[in-house]
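Undergrad: Residue numbers (the working numbering), protein chains in the order written: chain F, 1103 to 1562; chain X, 1103 to 1562.
For the record, the hints were derived by calculation from the structure and aren't laboratory data.
It is possible that some hints are incorrect.
Because identical chains share one entry, a pair is satisfied inside a single copy or across any pair of copies.
[As the list claims (entries may be wrong)] Only pairs whose alpha carbons sit at most 20 Å apart, straight line, appear in this in silico DMTMM-like list of lysine to aspartate or glutamate:
no., residue 1, residue 2
1, Lys1252, Glu1384
2, Lys1531, Glu1152
3, Lys1520, Asp1123
4, Lys1252, Glu1200
2 protein chains.
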Amino acid sequence: MEFGRRLAGITDVLTGDEIGDDYGHDESIGGLLTRPAYVVRPRTSAEVAEVLTLAAAEGVPVTARGSGTGISGAAVPRADGIVVSFERMNAILEIDTENHVAVVQPGVTLRELDERTAEVGLVYPVYPGELSGSLGGNVATNAGGMRAVKHGVTRHNVLGLEAVLATGEVLRTGGKYVKASTGYDLTQLIIGSEGTLALVTEATLKLQPRIRHTATVLAPFRDVTAVAAAVPTVVGSGLAPLILEYIDALTMAAITHTADLQLGIPDEVRDSSQAYLVVMLENRDEDRLTADIETAGELLTGLGAVDAYVLPGGSARRLIQAREQAFNTGKAAGADDVIDTVLPRAALPEFMAAATAIAQAHETFLVGCGHAGDGNVHLALFQKDAERRATVLRELFAAALRLGGAISGEHGVGHAKKKYFLELEDPAKIALMRRIKHAFDPAGVLNPGVLFDAEPEGSE
Amino acid sequence: MEFGRRLAGITDVLTGDEIGDDYGHDESIGGLLTRPAYVVRPRTSAEVAEVLTLAAAEGVPVTARGSGTGISGAAVPRADGIVVSFERMNAILEIDTENHVAVVQPGVTLRELDERTAEVGLVYPVYPGELSGSLGGNVATNAGGMRAVKHGVTRHNVLGLEAVLATGEVLRTGGKYVKASTGYDLTQLIIGSEGTLALVTEATLKLQPRIRHTATVLAPFRDVTAVAAAVPTVVGSGLAPLILEYIDALTMAAITHTADLQLGIPDEVRDSSQAYLVVMLENRDEDRLTADIETAGELLTGLGAVDAYVLPGGSARRLIQAREQAFNTGKAAGADDVIDTVLPRAALPEFMAAATAIAQAHETFLVGCGHAGDGNVHLALFQKDAERRATVLRELFAAALRLGGAISGEHGVGHAKKKYFLELEDPAKIALMRRIKHAFDPAGVLNPGVLFDAEPEGSE
């Protein structure tokens, strides 16, 4: 307990039975609970720096934790390691209405930020759905969500960071500006690095004007191929959809059932539709919105939609909320894994055909939905046998890579998808990423086992 | 000449008098001409890889060259080095109208790309002004320009790269998708690295729907403080300007004189205005555009503009073209240096006040314009004495950093601003960047002397 006492000299520490189960897992399906040896709850970046300096000196693994809502296991600690929980670094430091930025500590949740920005007519547009998620976690996984088709993902909306290296150095990267060409972009490198390069202790976020009026069209299509074929035209129309989601018929049935939501779609339309496209538009002017949503409806029926329903505000909100809960709905229904492969969006039909063939070959059940405008497919897998499930996952990821895609669009690699990442990704890129990791974290203490296998001791 | 013969076994090589002066400089003011020992003009990434492998083995410096329109000296080679000119890798490989991306080789110019995308109703929205610039050069400097306030800079519009490392490995990063959370973002790391990490041999670019209708308001203001105060409201209005530029009175006089452009502003207005704001809007619907430009005019006069003039299409186009040429106008007028410092946009008045004081203290003349929406200030310095000029630059950059800004918004550090970068930037960040550089380029052959001082031999 010598090490614990040294930690306690720096900041608040929990050990042994003081450590609740929540510090040992995230929301991954089938993720194991690993209780860490220590939980620290720092209040300042200086405390984080001291913790990391000590951990690096002693070779003790460190895992950062925000709200623990991740689903790839990147917040699952090592049994001999430290969890740095940011629950006490949860202040919104500034809402700057002149520069249109927010400065937040990593423990701030999306909900808290949204409430504060709403007060001044601004919005942080990244919307991964789970509003209890922390901004620190969002930065670590490069969180995405439904509004990415218009506003991009976390990467496109974070302007700067304060980050602590495993060397104990506290860096400030970027700032309250959208552009710079002054050395390497460390902000972008740290975003999405899943806690393996640095611990983020502050983020400067770009805010947008909050647009008041939204309207939603729901368009049933014969199948997902027909949906995918419609997407480029919708994106190219200049209507600039805020949301452009596809939902397959089974997922639609499940999420509307769970949410007890009646969409008023006639039985014969529902029975002949295997996939839905949800298009949400926004406009600062209500009349323009009304005109645009009509245009969108006409466009969609012209593109082969069986029909196009303009959803009333309440139903639209509830449908989007239900869609946000698709992961939880799948989990509750007994899904054995989820993937969020990203593809060139025009490759969606080909990927779905490949996925169907893979599923049939391995007697696996797949249902899904996804960010159609981004080519980001979310599939829930039902296959109890771990070995078969791994085969299905490997074949799905290989198909995505063959079509020019990537393993994860927004969930991250973490522990959960690591073996596929290491197996399928170009070894030269993996080797380069490991060299970059070493440039940041020579002692290899930041989230070892995430993205890469932990290095054998003394290997570098 | 043994080395030259080995290069010639790989690809087309120029040596000695075959090497024209153009390979030895870019457009930097006062940049020296350095003729390289070798110019290679590869046709494939495989040839680039062989050249880099040989260069790394022999420790010969390598500098990439696109169109040579840079203004920070990053394309200026070493006398003992190789210039890799991408003039023969200049094909537009694909315009993909389903995924809305273009795939280009580095030697393609912005003008060529714009002509091709126009044919299919799409646009690559990054617009650094100099249309003869190459996409490879744009990627290397993270080029920006006037449309960044709406569409971001190069970084936000490049989805993937093919890049050759100094190890001879050819990597593909990213792809035809806007989001991924699958390991470190190598695309973003290479963008803006000024040829020091890898040579880019292909880029996948995000295209947007080309919006037909634009309109422009020109608003004279009493001074730049009044301009800056108006900017947040314009950005927050939801009008989503495509361009939001300020131009000081002297720069306006110079560029309109050079372009022989009459804007029809009454003398008494011109005489009482020290700064102008140019707001360009776009809309796919002409009626909406007309309504929006009226709203913008009212907004601007409400925000203190002396008046607001809706410019006819031809004048607007010529004013924007004249503004694009501001750098060349300054250069022709005898400017001794230019800077493109970026700041939080609300800090613009404070920076301008500091700049005025610095200029007066050192008897230096400053004129400028800038991307007001982005806080990106472009100043031309007139000061013949090199030492005084260096003092002025150092003080200007220090003021920008004190206000939360960065040395360069879009021009890059190159050779031209390196000494200030190394002097003023956090040493811990410089050291980390050097470690990253080493992870990519262990032999230190990629553009040594750019960003960092070249390392003494055998230092690593």
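Undergrad: Please go over all the hints and tell whether each is borne out by the structure.
TA: Here is what the structure says about each hint:
When the C-alpha separation of lysine 1252 and glutamate 1384 is checked against a cutoff of 20 Å, the pair qualifies both within a copy, at 10 Å, and between copies, at 17 Å. In this assembly of identical chains, lysine 1531 and glutamate 1152 lie within 20 Å of each other by CA distance solely across copies; the values are 18 Å between and 32 Å within a copy. Taking the shortest alpha-carbon separations for lysine 1520 and aspartate 1123, neither the intra-copy value of 24 Å nor the inter-copy value of 51 Å comes in at or below 20 Å. Proximity of lysine 1252 and glutamate 1200 under a CA criterion of 20 Å is satisfied inter-copy only: 17 Å between copies versus 23 Å inside one chain copy.
The earlier numbered hint that this structure contradicts is number 3, and it is the only one.
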